[in-house]
Structures are given as C-alpha cells and as structure tokens.
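*Asks:* Let the hints inform the model, and build the full structure from the sequences given.
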Amino acid sequence: MSRTIFDISAKGGMAWSQHPRGEWRSEIPEEHLRSDAPRLPEVSELQVVRHFTNLSRKNFAIDTAFYPLGSCTMKYNPRGAHRIASLPGFLNRHPFAPAGMSQGFLGCLFELQEILKEVTGMVAVSLSPMAGAQGELAGVLMIRAYHEARGDNARTEILVPTAAHGTNPATATMCGYRSREIAVAEDGDVDIDALKAALGPSTAGIMLTNPSTCAVFERRIEEISSLVHEAGGLLYYDGANLNAILGKARPGAMGFDVLPLNLHKTFATPHGGGGPGAGPVAVNERLKPYIPIPFVVKDGERFRWIEEVEMPQSIGRLSAFMGNAGILVRALIYARMLGREGMLRVSEFATLNASYLAARLVAAGFQLAYPTRRATHEFLISLQAESKELGINAMDFAKRLLDYGVHAPTTYFPLLVPECFLIEPTETETMD
Amino acid sequence: MSRTIFDISAKGGMAWSQHPRGEWRSEIPEEHLRSDAPRLPEVSELQVVRHFTNLSRKNFAIDTAFYPLGSCTMKYNPRGAHRIASLPGFLNRHPFAPAGMSQGFLGCLFELQEILKEVTGMVAVSLSPMAGAQGELAGVLMIRAYHEARGDNARTEILVPTAAHGTNPATATMCGYRSREIAVAEDGDVDIDALKAALGPSTAGIMLTNPSTCAVFERRIEEISSLVHEAGGLLYYDGANLNAILGKARPGAMGFDVLPLNLHKTFATPHGGGGPGAGPVAVNERLKPYIPIPFVVKDGERFRWIEEVEMPQSIGRLSAFMGNAGILVRALIYARMLGREGMLRVSEFATLNASYLAARLVAAGFQLAYPTRRATHEFLISLQAESKELGINAMDFAKRLLDYGVHAPTTYFPLLVPECFLIEPTETETMD
Amino acid sequence: MIAEIGVTSIDDLFEEIPASLRVDGFPTLATGDSEMDLAREFAARSRMDELAVCFAGGGCYDHHIPAAVWDITSRGEFLTAYTPYQAEASQGTLQLIYEFQTMISALTGMEVANASVYDGGSALAEAVLMAVRLQKRHASKQVLSTAALHPNYFDTATSIVRGQGIVLDCMAPSEDGLSVPDAADSPLAVVIQQPNFFGNLEDVDTIVDWAHEQGALVIAVVNPISLGLLRPPGSWGERGADIVVGDGQPLGIPMASGGPSFGFMCTRSKFVRQLPGRIAGRTVDVDGKSGFTLTLQAREQHIRRGKATSNICTNQGLLVTAGTIYMSLMGPAGLRSTAQACHDRTLRLVEKIEAETFAVRAMDVPFFHECVIDLQSISADALVDRLASRDILAGVPLGHWWPDRATQLLVCATERRTQEEIDSFVDSISWALGANA
Amino acid sequence: MIAEIGVTSIDDLFEEIPASLRVDGFPTLATGDSEMDLAREFAARSRMDELAVCFAGGGCYDHHIPAAVWDITSRGEFLTAYTPYQAEASQGTLQLIYEFQTMISALTGMEVANASVYDGGSALAEAVLMAVRLQKRHASKQVLSTAALHPNYFDTATSIVRGQGIVLDCMAPSEDGLSVPDAADSPLAVVIQQPNFFGNLEDVDTIVDWAHEQGALVIAVVNPISLGLLRPPGSWGERGADIVVGDGQPLGIPMASGGPSFGFMCTRSKFVRQLPGRIAGRTVDVDGKSGFTLTLQAREQHIRRGKATSNICTNQGLLVTAGTIYMSLMGPAGLRSTAQACHDRTLRLVEKIEAETFAVRAMDVPFFHECVIDLQSISADALVDRLASRDILAGVPLGHWWPDRATQLLVCATERRTQEEIDSFVDSISWALGANA
Ligand SMILES: Cc1ncc(COP(=O)(O)O)c(C=O)c1O
Ligand SMILES: Cc1ncc(COP(=O)(O)O)c(C=O)c1O
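Residue numbers (this note's numbering), protein chains in the order written: chain A, 241 to 672; chain B, 241 to 672; chain C, 6 to 442; chain D, 6 to 442.
Misleading hints may appear alongside valid ones.
Stated by the list, open to error - In silico DMTMM-like cross-links for lysine to aspartate or glutamate, where the CA-CA straight-line distance does not exceed 20 Å:
1. C/K357 / B/E263
2. D/K357 / A/E421
3. B/K639 / C/E356
4. B/K251 / B/D276
5. B/K639 / C/D290
6. B/K538 / B/E525
7. D/K312 / A/E421
Read the hints as simulated data drawn from the structure, not as lab findings.
*Replies:* Structure follows, in structure tokens:
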C-alpha cells in the first residue's frame with residue numbers, strides 16, 4: 241500500500257468545511273491570473289486524515305521504539321514542552337509585533353540566552369541559527385569576520401579532524417574556506433603531531449567537538465587550544481555532543497571561541513522527521529562583536545531587540561525573522577524543567593546508559609573501536625570481525641535490527657572506523 | 241509483544257516533571273492513611289508515551305481504515321469539532337459555575353436543543369443522557385411516568401420487534417417493564433397482525449427505529465402509530481438510525497412520542513474506543529413535563545438552567561452534572577458545520593453509498609436479506625449460501641476482512657437474519 | 006454511482022418513505038459554517054466562561070493534567086475506534102482496559118474492576134442495582150446512604166433505580182455532618198462516601214462493620230486522588246467494602262462542565278458475575294499467543310437482551326484511556342504527592358480564611374481537600390456572585406440542596422492552587438464580606 | 006548497572022576529563038520546575054503578547070489553520086522521528102516528502118522541488134548559490150534583485166553568500182516601487198519577488214524575458230497562497246523562471262514569531278543536480294515493491310563533505326508535514342478561494358481606509374493581499390503603538406528599512422479578517438490619526 245494522495249484524488253473531492261465562505265471581489269488584472277488550477281489533490285477531509293495518519297504509521301520514532309542513533313540524541317521530547325510552546329500567545333505572535341507587544345516572547349529569548357551562557361561558559365549568545373549546520377555557518381562566518389576585521393586576510397584554511405561530522409567541512413567551504421583534514425590517533429584523540437604540522441599562517445581555525453565523533457573525550461584539548469591560538473587560529477566547538485558533559489565541563493573553559501548548540505539534541509526539541517532544530521551560537525569576548533542579529537537585551541525591566549544599527553560588525557541576519565523561534569521556546573521550557581539537577585542527570589544518565597550498553601555488548605563478544613577508553617554519551621563498535629566472518633556488513637546488521645523493531649544505530653560514521661556502529665542510547669531510556 | 245505497563249515497571253521509576261513540588265503539611269489523622277502504596281506502575285514519561293502510543297497502533301479506527309460497521313455510523317469525526325470543543329473556556333468550566341459565569345456554555349446547550357427539535361420534529365429536548373442507552377432509559381422512564389401520572393398502572397409491557405437492538409429490551413427491563421417481542425414480516429417491516437395481537441391494556445409502549453435494524457424503511461409507520469396510540473401505548477423511536485432520514489422525514493411526524501439521539505452517530509462525535517457518546521431525548525407535548533433535568537431555557541437575553549423545582553414531574557437527574565457536556569459542544573459544532581444543506585447531504589450520501597455498495601455486492605453474487613427493498617443508510621446481506629457452500633460462517637468472513645485491513649461489518653445482528661452482515665459505509669466515505 | 010444502483014436520481018432512493026411523511030430539508034436551519042468561522046465564533050463564546058481561578062470542587066476538580074495524557078488519548082486510533090467488540094481489531098483498547106482495571110483495583114484495594122460506566126453518579130446507581138441483585142433474598146428493598154453523600158449522586162441513583170421499585174434513604178447526620186448508623190435500620194446495602202460531600206473523613210470502619218453485621222452490603226463512593234493517601238475501601242473495617250464506585254474525573258480529565266468523565270466500579274471476585282459493564286481479560290489464541298478480549302460478555306444486552314446486568318452499550322472508553330495514562334504517569338509516588346499537595350493547599354486556605362476573614366469552618370473534623378466554611382453574614386450565592394467579578398469561582402454554595410446551609414460554602418484547593426492565588430482569594434473574601442458588614 | 010560497567014560510581018565515568026576542566030554542575034541555575042508550574046508561568050508570559058487582531062504581513066501571515074493539520078502533524082511518529090536517512094524506518098516521512106515535492110511543483114509550475122530548506126530568506130540564499138554554481142562561466146559575480154524584495158530576505162541572502170564573494174544588488178525602483186530592468190546591468194541572476202514586499206504585482210514577464218536575454222538565470226520569490234490565483238513562475242515570460250523559492254508559512258504554519266516554517270525550492274529538471282537539500286524519490290526494492298527513498302544523496306555533506314551543494318543537515322521536516330497536509334485539505338479550489346478571500350478582504354480594507362481616514366494608498370498599482378498606506382500626518386510606528394492599546398497589530402511600518410517611508414504602513418487582511426474587524430480597525434485608524442490632527 242503505497243498509494244499516494246494523488247492516486248486517491250478525484251475531480252471535485254474537497255474538504256468543504258475548510259473553504260472560506262463568501263462572495264469575493266477582485267481587482268487583479270486578468271494577465272496576472274493563472275488559467276489552469278494547480279494540480280493539488282482533490283480529496284475529502286477524511287481521506288486526508290486517513291492517508292497521513294497511515295503514512296505516519298510507517299515511521300520509526302522515539303515515541304514508538306528505542307532509537308539509539310549515535311550523534312543524533314534521540315531522547316524523549318517532553319510533550320509538555322510542545323504543549324506549552326503551543327500556547328496561543330506564542331503561536332499567534334507576529335514577527336513584526338513591536339517590542340511593547342512582545343515582552344513575553346522577548347523575555348523567553350533573553351532567559352534562554354542566559355541559560356545557554358551558563359551552560360557553555362561563554363559570554364554572549366545569539367539564538368537565530370536554525371539548526372546545527374546554520375550555527376556552524378554562523379560560527380565560521382564569525383571567525384572569518386574576526387580575521388577580516390584585523391586585516392588578517394591570509395588565513396584560508398579550516399582544520400577538521402578526519403572523524404568530523406560532514407557538516408563541518410561543508411560549512412568551511414560555504415564560508416569560502418578550504419578545509420584541511422587532521423588525522424585522529426589510535427586512541428581516538430586528535431594526532432597532535434599532525435595538528436602541529438598543519439598549523440600555520442593560513443590557519444583560520446579548527447573545528448572540533450568534545451567528546452569527539454569518535455565518542456571519546458579529547459583529553460588534550462587544552463594543549464590543542466594553546467597550539468591553535470598561538471598559530472593565530474580560532475577554535476570552533478561543534479555543540480552536537482554537549483549533552484555528554486552538561487555540568488561536568490564547559491567548552492568555554494577548554495579554550496573554544498565559538499560554538500553552536502543543537503537544541504534539538506541537548507535540549508530535546510523534537511526532531512520532527514528532519515527538523516526543525518535550532519543552533520544558537522555562543523561566543524567568548526573575542527567574537528562578541530560579530531554575533532548574528534537579532535538578539536535580545538534587557539534594559540531595566542524591558543526587553544528589546546538588538547539589530548544591525550547597534551551591531552555594525554555583526555555577520556548579519558541568517559533568517560527572515562528570528563530563526564526557529566518556536567523551537568527556542570520549547571528548549572527554554574525543557575531547560576527549566578531540567579533545572580540545575582536535571583542538567584547533571586542528562587550527562588550522568590547518558591554516560592551511564594552508554595557505558596552499560598557498551599559493557600553488555602563487550603560481554604556479548606562485540607569489539608569496541610576504542611577499547612581502552614571510557615564511553616561517553618555514546619560509543620563506537622566495529623563490526624569488522626563479524627563482517628569478515630559472516631560475509632555481511634554493518635548495513636546488513638542495521639537492517640536486521642529494524643526487523644526487530646529497534647532503530648539501527650548510526651552506521652559508517654565516523655568514516656575512519658571501518659564497519660562501525662555509533663550507538664547512543666540517550667539519557668531518557670530505561671532498562672526495560 | 242503484549243507486555244503490560246506493569247511488566248516494564250521498575251521500583252523508583254517515575255515521570256519526575258509531573259510531581260508537584262513543595263513541602264506538604266498534613267492534619268489527616270494517622271488512622272485514615274494508607275500504609276501500603278497502591279501498586280500503580282513505576283515508569284518514566286517516555287515509557288508511558290511509548291507504551292500507549294504502541295497500544296493505540298493496535299486498534300482499527302476510522303482514521304486508519306474503512307469501518308463499515310452497521311448500526312454504528314463510523315463516519316468521519318471532524319478534527320475541527322474536537323479542537324474547538326477543547327477551547328479553554330469549555331474545558332475549564334466547573335459544572336457548578338453559576339449561570340452568570342456560564343453564558344457561553346449555556347448558550348451552546350440551548351442552541352443544540354433548538355437544532356435537535358428542528359431535526360426531530362419534537363417540541364422539547366433534554367441533553368443530559370450520556371449515550372443512546374441512557375437516552376432509552378430516559379425515554380422509557382418518561383413513558384412510565386406518563387402512565388403513572390394518569391394512574392394507568394396496569395401497563396407492564398413494552399413491545400419490541402425481534403430485530404431490535406439489544407439495548408431496547410434491556411432498557412425495558414431496567415425500567416421495570418417486561419419486554420414482548422413482535423415478529424418482523426418477510427419484507428423486513430413489522431408484522432402488523434402480530435402487533436395487533438400483542439397490543440392491549442398492558443401495553444405501555446413500543447420501541448422502534450426507522451429505518452429499522454433490518455435496514456429498511458418501515459413503510460407502515462403511520463398505521464403502527466395509530467394502532468399503538470389507540471391501545472393507549474406510547475411510541476419510542478430509537479434514534480440510532482436518524483442519519484438515514486435527516487431532512488427527508490421526521491420522527492415527530494411519524495407519530496413517535498419520544499426518541500433519544502445518538503450524537504456519536506448522527507452528529508459525528510468520536511466513538512473513542514467505546515465512548516463517550518451522548519443520547520439527548522426529544523419528546524412531544526405529551527411527554528414534555530417529564531423530561532430529565534437539567535436543561536436550559538432562554539429568558540430574554542440570558543440563558544439559565546431548569547432544575548427540579550421548576551419541573552416537579554421530571555423523571556429527575558441522570559448524571560452528577562450535565563451528562564457528557566463536552567460531547568454536546570462537539571455535536572453542536574458539527575451540526576453547525578453541516579448546516580441546512582449539510583444535513584441533507586448526510587442522509588443522501590449515506591443512502592447513496594450504501595445503495596451503491598449493495599448494488600456492487602449483488603453484482604458480485606452476494607445475497608441481500610431484503611432484495612425487494614431499497615437500501616437505507618445501511619443494508620443487510622446474508623451469507624447463508626456462502627456458509628453452506630464453503631463450510632465457513634459469517635464470523636470467518638469478518639475476520640478475513642480484518643486481514644485485508646478493512647474493519648468487518650456488524651455480524652449476527654439483527655439476530656433474526658441468519659449469517660448476516662449489516663453494512664454501513666457512512667456518508668463520509670468516498671469511492672477510492 | 007446512480008446508474009450502477011439502477012435509479013435515476015438520489016431522490017429515488019428515498020421512495021419508500023410515504024409521501025405524507027416526506028419533508029424537504031430544514032428551512033429554519035442556517036447554512037453550514039466553515040471551520041474557520043466556527044472557530045472564531047466559539048472562541049468568543051467559550052471566552053465568556055473563562056475563569057481565572059477555581060476553588061470549587063463538589064465532585065469535579067481542577068487538577069493538573071500532564072500534556073502527554075491528551076496528546077496520546079487524542080490519537081486517531083483511540084479517538085475514532087469503536088467499542089472493542091472485535092478483539093482482533095481492538096487489541097490496543099483491550100489491553101489498555103485490562104491495565105486500567107488492574108490500576109483501579111490496586112487503588113481501591115479491591116479484587117476486580119470493570120471497564121467503567123458513565124460517571125460517578127450512575128456508577129452508584131449500577132452499584133445499587135448490583136447490590137439488589139446480590140441480595141435477592143434480603144427482606145428489605147431499602148438502600149441506606151451516609152448523610153453527606155453527594156446530593157446529585159443520590160438523585161441520579163434514585164432516578165435510575167426507581168423504575169425497579171428500589172428506595173434510597175439517607176442516614177441522619179450528626180452535628181458535624183458525619184454519619185453514625187442507627188441500630189434500628191436494616192438496609193440491604195449501605196452507601197458510604199469517603200471523603201464525604203463536605204470533604205470530611207467519615208469513621209468508615211465503624212459503619213462498614215455495622216453494615217456487615219446487619220447483613221448489608223457496603224458500597225463505597227471514593228475520590229481516586231484521595232486514595233493516593235487515604236486507606237482504600239478494600240481495607241475498611243473488618244472485611245472491607247463490597248462494591249466500590251467513584252468518578253474518574255480527577256485522573257486527568259478536564260472539568261469540562263462535568264463531563265465526559267467516567268465512573269469506575271470494583272468489587273470482590275466472587276461478585277464479578279453481577280458486576281455490570283465490560284470487563285477485559287487476558288486470553289490465549291489458537292496459536293498460544295496471548296491477547297486481550299472482553300470477558301463475561303454473556304451478561305451484555307446484545308446477548309442477554311432483557312436479562313442483561315445493565316443496558317449500557319456506548320460508554321466512556323476515551324476517558325478511561327486518559328485516566329489510565331494519567332495513573333501511569335503519576336505512579337504511586339506522584340499520586341501520593343498530588344494528594345498531599347491538595348490537602349496542604351486546602352489546609353492553608355482554610356486556616357487563612359479563619360485567620361483573616363469573618364468566615365469560619367462549619368464543621369470541625371478532619372478533611373481531605375475540601376472544607377465547608379460558614380460566611381455567617383451573607384449567603385454563599387452572594388459571595389460567589391461577588392467573586393465572579395474578580396474571575397474567581399469561590400466554591401460550591403450548599404443552600405441549593407440544604408436551605409439551612411445558605412451561608413455555607415464548600416471550598417477546595419487542589420495542587421494547582423498557588424499561595425498567591427490563595428492569598429488573593431482570601432483577600433477577595435474579606436473584601437466581599439467586609440462590603441456587607 | 007555501575008557494577009556491570011566495572012566502576013564504583015557514576016563519577017568514575019567522567020575520569021578522562023582533566024581535573025582542570027571539571028566543574029560541578031550549574032550553581033546559578035534554578036532547580037527544575039514541574040510541568041504544572043511551567044504551564045502556569047508560561048501561560049502568563051504568553052498572555053502578555055496575545056493579540057486580538059493582526060493586520061501585519063510582510064512575509065508572515067495570519068491564515069486559518071485547519072485543526073487536522075496539527076492534529077496529524079503532532080503524532081509522535083512524525084514529531085519524534087529522525088531525518089529519513091534509513092528508508093526502511095521512514096517510509097511515512099519519505100512518501101510525504103515525495104507528495105510535498107509534487108504539490109509544490111504543481112503550485113509553482115516547475116518540474117522538480119526539493120524537500121525544503123530552513124526558511125524563505127535562506128532559500129533565497131541557497132538559490133543564489135545554486136545560480137552561481139550553474140553560471141560558473143558567467144563573467145559577472147553580481148546578482149540583481151527587484152527593488153521591492155523583502156529587505157530581510159535580501160539581508161539574509163547577503164550574510165550567507167558573502168563568504169563566497171558574491172554580491173547582491175537591488176534594481177532602482179520606479180515611483181510606485183515596481184522594478185524596471187536597466188539595460189546597463191548584466192547580472193548572472195535576477196531575483197524577482199511576486200507579489201513584491203509592498204504587496205504589489207510586478208510585470209514579471211518583462212523582467213524574466215529581459216533577464217534571459219542577458220543570459221541571466223531567473224530566481225522567483227513567491228507566496229504559495231497567492232499561487233492559488235496568480236500565474237505560477239513556471240509560466241512567467243517566454244521561458245519561465247529557473248529557480249523558484251518561497252516561505253511555506255502561509256500553508257498551515259502558525260506565525261509563531263516567524264519560525265519555524267520552511268523554505269521551498271523548485272527548479273527545472275536539468276538543474277536538479279545543483280538543487281541543494283534533500284529530494285525524495287520513488288524506487289523499487291529487490292522484491293519489486295515500490296517504496297520511497299532520498300535520491301541524489303551523493304551531494305549531501307555527509308558524503309561529499311567539503312564539496313556538498315549545501316551544509317544543511319537538520320531542516321524543517323515537521324513543517325513540511327504540516328504544509329503537505331494543508332495543501333491536501335485545501336486542494337486547488339480551497340487554495341483559490343482562500344487567495345480570493347485574502348485579496349477581497351484587503352481590497353475592502355484599503356477602500357475603507359481611503360474613504361474614511363486621512364490615510365491614502367502610497368502606490369496606485371494592483372496588489373494581492375498587502376498594500377502600503379501612507380498615514381501622512383504621523384509615523385507608522387506611532388500608529389502601531391497607539392493601536393496596540395486596542396490589541397490590534399496595525400501592520401508593518403516601512404521606516405525601519407526606508408527612513409523616507411516613515412509614514413508608510415504595510416497592511417494585510419487575510420481570509421480570517423471579518424468585516425467587523427476591518428470596520429473596527431479603520432475606526433481605530435481614524436481615532437489615532439484624528440487624535441493627532
Ligand atoms: C556531530 C554533529 N555535528 C553537526 C551536526 C549538524 O547539526 P544539524 O543537523 O542540526 O544541522 C550533527 C547532526 O547530526 C552532528 O551529529
Ligand atoms: C440501533 C441501536 N440502538 C441503540 C444503541 C445504543 O446506543 P449507545 O451505544 O449510544 O448506548 C445502538 C448502539 O450501537 C444501536 O445501534
């Protein structure tokens with residue numbers, strides 16, 4: 241049954257109660273009007289409801305099954321946050337409503353900015369990027385703006401570990417940089433010698449995440465940070481793995497200059513079958529002048545927008561309005577639901593669950609990619625031995641898991657580990 | 241996978257964000273407190289959401305499949321009516337809020353009463369019964385009250401056609417009556433001779449529906465009505481099939497004294513896997529003094545409740561508050577969405593769909609139970625020939641339909657037709 | 006389609022309706038409205054009734070409802086399914102009912118529960134009918150209730166059972182509204198509401214033991230939230246209650262003018278055949294796979310017709326779904342802290358009313374989360390009207406049922422009531438009483 | 006669990022973090038709140054921004070959203086699924102995207118569409134980058150837009166493409182804000198918004214044909230609701246637009262402060278390899294059963310890394326779901342009558358403003374559902390502030406972007422605006438302008 245909605249469409253079908261009632265006048269000149277009706281489906285409301293209800297039933301989802309997709313943090317998205325963010329005052333606010341009519345919403349943004357500063361250890365936050373990748377773009381554009389402002393125009397390279405997520409090199413390219421790969425050592429940490437060799441006057445910056453995409457904590461991050469800064473480059477932190485260290489360590493203290501957060505991961509806003517997310521960027525003093533507009537400040541008791549006029553060095557606007565505003569409200573509610581203790585529970589339970597699952601898989605005979613290392617919020621196993629022995633590959637394993645009603649882990653990522661599974665049970669799963 | 245929620249429960253599991261926060265004082269004496277905690281499941285919010293989401297996926301529903309369950313009117317339940325009836329002003333109204341704080345809600349009830357009067361051709365409506373069967377109870381209690389008020393205490397029998405829905409005789413019993421069956425003739429109409437033979441001084445009334453549960457229109461309803469009234473009995477109309485004649489004929493004109501409506505059928509409020517429904521009763525002048533309280537009247541521009549003091553002969557209260565109030569609001573919205581033309585479309589499309597499906601099945605070789613008659617909003621086929629030939633019964637047929645993703649029609653009802661299917665496609669289905 | 010049916014117009018399909026009965030639509034009804042127009046119109050209508058704060062209880066309570074409850078309950082597969090008669094097409098609803106029954110039994114301390122009936126009031130009626138069936142050989146046709154039984158429950162049960170000649174009576178109350186059985190009575194069943202309509206705690210052990218000594222069955226009427234904290238009816242007195250009923254509204258159901266909610270019913274295993282309504286059970290299919298089905302269906306009206314235990318057919322399935330999800334989310338600890346919070350909020354409210362206004366407690370006995378206060382100087386109706394101007398629903402005036410209690414108001418503060426709301430309510434009472442002083 | 010891992014405490018799991026970097030939680034954050042408390046707090050916060058009526062547009066519109074749209078979109082299976090990379094686990098989302106692409110193509114009159122990008126503004130940026138890739142051999146690095154392009158779209162596209170050295174310029178406007186191409190220009194691509202930011206209808210045929218003569222590609226920016234009525238970009242001029250983008254918010258997405266919504270992108274088949282973002286296609290599996298999958302994945306960043314067509318990963322899937330359901334419900338007839346109703350409402354509003362207030366139309370050209378009015382005596386900001394006191398959002402003041410248009414206000418009336426709302430808006434304008442006269 242994969243009939244499309246067009247297959248069930250029939251001339252004259254319609255959801256009559258959705259049509260506005262009345263007689264309409266028009267002053268649009270004939271030449272602007274379309275002559276043909278667009279070929280949209282012609283169906284009843286029941287047909288629509290039934291068709292899309294049944295389509296939904298063909299998806300795996302957190303709400304239906306265990307979804308240990310590494311790097312994606314498929315944890316429980318509280319229904320309460322969705323409900324509260326759907327209050328009419330939030331849903332019906334027009335983006336151009338003046339600040340005087342928007343104190344509720346602006347107050348929410350300001351509060352979220354403050355929480356994210358605390359969580360990351362950075363000094364300023366702009367909430368507008370619409371997903372991790374747009375946050376990356378903002379981050380690298382800021383690095384670019386920083387160098388340009390200093391007239392330091394020879395820096396044309398962004399360093400990226402071989403294990404990095406594909407968005408990192410893609411982003412560097414979008415910002416007009418060349419991306420240069422840095423090897424990862426046997427133990428999963430960045431190869432310091434390779435790094436040293438790559439650093440130089442053309443280094444604009446480095447993009448890292450910690451725990452890394454090898455699912456281990458980059459232990460020599462302080463050394464890396466000094467090396468990069470000494471070479472005149474800046475450090476970019478990919479926030480996708482922040483849930484692993486929430487309340488345990490802060491990127492700000494590790495020496496990072498800029499990071500986007502993936503609110504749809506760390507702050508549990510729904511993935512929605514491919515978004516929306518939100519990728520706020522946090523920066524230190526160095527990059528503060530460049531953060532994207534708009535953002536919110538508090539003057540006395542009133543909240544107001546900061547736009548271009550007050551931020552002449554900003555990299556500018558990244559969306560028509562205020563990014564994925566509704567997602568920001570959801571994330572704030574989730575953060576408030578967690579609170580001080582809850583944030584610690586995130587990193588602790590995420591790590592505990594991953595470590596436990598890793599231990600169980602090791603006991604069952606599977607091979608960890610980095611057996612000497614602690615698991616973080618996720619861990620990597622290599623199915624190379626099994627693949628050779630059984631003549632099947634990691635993808636076959638993954639598909640077989642689907643047959644058992646468990647979503648497959650992330651496969652073949654990071655690219656440098658052969659036949660791997662990146663497994664992230666997340667903190668909201670229980671033992672059952 | 242039929243693990244229950246108790247199977248996944250583990251000591252200490254909980255949905256922490258649902259617990260009220262604070263320190264609580266108590267002045268409840270020790271002896272009133274329970275010593276053991278009730279054995280409710282101990283699970284996380286994700287576990288709850290996942291468990292019940294997955295349970296829901298094991299149901300057939302109008303929203304997922306064609307559901308031609310005869311007599312049950314499984315038609316589309318507009319999402320809009322559900323949404324609008326869930327507005328905070330409706331959901332948060334306390335049943336004891338005084339009339340001054342309730343003009344919105346009371347106005348809705350009044351409007352629905354008026355619409356139902358128009359639709360049925362009766363003179364008064366009470367909305368409080370909570371389903372068809374409670375409406376039946378109200379109806380028969382009113383018949384009883386009527387006879388009692390006249391001191392006519394010898395009437396101990398309610399006549400019920402053999403084809404009647406099981407709630408009819410059960411209701412008669414609950415009201416302290418004996419129910420007496422009346423045969424149905426070959427053509428599906430009531431056997432007039434059998435009726436005449438049964439009528440007499442012990443006849444309190446007769447319970448009918450039209451179209452009847454044989455799925456044909458009872459053509460001699462006027463004659464039946466005269467006969468019963470002449471014998472001193474009253475006529476009760478089972479409103480479950482009202483959608484078949486909406487705007488084409490009215491029970492009031494057929495001589496009925498009282499009828500409940502099934503709002504969850506004719507007015508498309510959701511069946512909910514077994515309710516809630518609503519079974520408002522409509523009556524003619526004769527039974528007006530006896531209708532259940534409370535109901536709403538309009539004094540000038542204000543709406544107010546009528547309670548027992550103003551209705552001393554009322555059969556009384558049938559629920560703690562105002563029945564299934566929220567369902568009444570949904571039904572009103574649906575009725576308003578239909579409007580004048582929409583109500584006609586209900587009976588026309590329901591009949592057209594049933595007649596078409598009947599014609600197609602006849603063409604495919606199936607046997608109608610009443611081949612000389614017009615189909616109404618539903619029709620009966622008998623699988624007796626197929627059963628004999630193939631050695632299977634109607635229930636086997638029904639189960640096989642489920643395998644094909646179509647909900648089985650009603651089987652073995654009415655009881656008098658052997659191996660039957662009562663098929664009601666409803667007016668909201670299309671050809672696809 | 007017309008052609009395939011063999012007619013020439015839709016009108017032909019209605020040709021069996023005698024001409025004398027034919028009408029042509031509904032000239033007085035308005036034309037159909039769009040969802041958009043209805044949404045606007047009804048938003049305005051519903052806004053007329055919007056409240057800021059609710060201190061009314063009396064059988065319907067303003068509790069917090071977790072978002073997950075209705076998000077899941079409103080899924081099309083729950084919302085638009087039929088009654089689970091076809092087990093294969095309804096495993097979701099059937100398993101859910103089974104789990105519901107288990108939870109309600111745990112909460113009440115009883116052995117078996119049904120899949121619900123319409124509401125608390127009609128559940129009481131069904132319990133009375135059940136007791137009558139069980140006590141067929143009992144000399145009396147009288148059922149006796151404690152004095153402070155919810156008056157609307159009393160009335161509902163009376164209307165429903167009257168047709169069968171059953172009489173419901175009330176015990177005489179003591180000064181504080183509590184009930185002490187009168188040795189002279191010898192009913193077939195005794196109805197005890199705990200907490201009673203005034204929010205107070207009855208001496209249930211004494212009443213239960215007395216009733217059982219008389220050969221009467223005990224019907225308990227309880228509030229499910231209170232059972233997070235209070236002793237369950239299954240352990241009242243020596244032998245516990247025989248039938249337990251109540252209304253499920255506090256378990257995740259919006260007040261919505263009092264309905265739809267659901268009534269629950271539990272009893273001892275040995276009485277299960279007289280328990281009306283549906284019951285889901287676990288079973289095994291021909292392949293040995295376990296599944297769920299409606300059990301004891303033989304008692305239902307579509308099989309036993311005139312001899313069924315009840316005429317109920319469509320019932321409150323969707324609300325049972327909500328209640329089950331609610332109980333699962335709260336668990337024993339959440340239900341307990343909710344009950345504790347309700348008691349605490351009401352305690353603080355009443356103390357503050359006594360400390361800061363002219364109003365006093367009408368009855369000085371332990372209560373759960375409702376309490377009767379006496380305004381002394383003005384009628385409770387007048388207070389409610391005055392506070393309506395401040396968008397506060399002050400409580401339930403008792404004068405409607407007991408004219409001699411016209412100055413008494415039943416107030417309730419659930420876990421949702423904040424200290425600020427309580428403070429401003431008490432201020433408003435002072436203002437309202439002061440204005441009349 | 007701890008024991009099975011082989012550690013003695015949870016803290017051991019974090020031992021690889023250097024001591025110098027370890028912190029101990031977040032002392033400045035508050036303790037976690039319950040859903041109940043947050044619901045109350047945020048209800049109060051959201052109420053601060055609640056509006057009675059909205060006459061603002063400017064890229065975000067107050068349309069009716071059928072209840073079914075979000076009832077279905079909020080199902081857990083849509084809400085909590087990941088990006089449909091695993092085709093077997095995502096057939097629902099994949100088929101939906103496929104249907105979405107078909108609908109958007111039909112609406113715009115183009116051959117192929119992608120599965121959306123972030124929003125309308127960033128869609129324009131992606132279109133510009135795509136045009137640059139397609140015009141690699143073109144002499145110019147200039148992209149030229151019509152004068153009345155949404156200024157925030159212009160700014161967004163500029164920020165995003167600047168890193169690659171691409172320049173965005175604006176045509177000079179005529180008196181009425183419409184754009185007439187200047188023969189001297191020779192851009193690589195021309196951006197045309199229709200209706201333009203002022204709500205007016207550009208002479209798209211002339212501009213498109215001119216652009217194509219110059220060897221430029223044409224990027225159209227359109228409002229999907231308008232396409233229920235207006236000529237689709239696929240048929241503008243002789244050859245039609247080459248790339249079409251827009252924002253999906255009008256298709257069943259709440260305004261929600263402008264996001265999340267989704268940006269759509271369509272193009273000619275021959276350009277599909279340069280179309281960024283995901284594209285779903287129909288395919289057949291090994292057993293010959295048809296199914297849906299992401300096609301052209303090789304362009305994606307997780308495979309081509311530095312050479313991907315775009316860095317977009319997480320995107321706006323859920324909003325595409327809502328948009329697809331919306332388009333299915335409206336169908337061609339519903340979309341058309343919605344567009345007609347919007348035009349009619351705005352027409353009546355503007356006529357009434359001209360007839361009854363001192364304000365006049367600023368530009369006398371045909372418009373769709375937005376129109377610029379000139380208040381003459383006071384600034385548009387002042388009017389907006391005054392009408393805020395009546396809970397009316399009067400429109401979008403233009404002075405923010407064009408200081409010389411400080412007295413000009415962009416107003417919009419969608420199909421939701423009733424005659425009463427229009428009347429009271431015009432009364433309020435009279436009042437506000439009068440008060441200043
Ligand atoms: C490590 C890492 N970085 C970046 C991203 C990109 O984030 P987004 O999908 O929000 O654009 C992801 C997403 O999966 C990721 O896992
Ligand atoms: C003919 C008929 N009468 C009465 C009823 C009982 O109505 P309810 O289920 O609302 O109690 C039904 C329900 O199926 C029915 O079909």
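*Asks:* Each of the hints needs a verdict: does it hold here or not?
*Replies:* Do the hints match the structure? See the list:
With a CA separation close to 18 Å, the supplied pair C/K357 and B/E263 stays within the 20 Å bound. Restraint check for D/K357 and A/E421: the C-alpha separation of about 65 Å exceeds 20 Å, so the hint is violated. This hinted pair does not check out: B/K639 and C/E356 have alpha carbons roughly 63 Å apart, beyond 20 Å. Using a Cα cut-off of 20 Å, the hinted pair B/K251 and B/D276 holds, with the two alpha carbons roughly 14 Å apart.
With a CA separation close to 14 Å, the supplied pair B/K639 and C/D290 stays within the 20 Å bound. Pair hint B/K538 plus B/E525 holds up; C-alpha atoms about 19 Å apart against a cutoff of 20 Å. Taking the CA atoms of D/K312 and A/E421, the gap is near 14 Å; set against the 20 Å cutoff, the hint holds.
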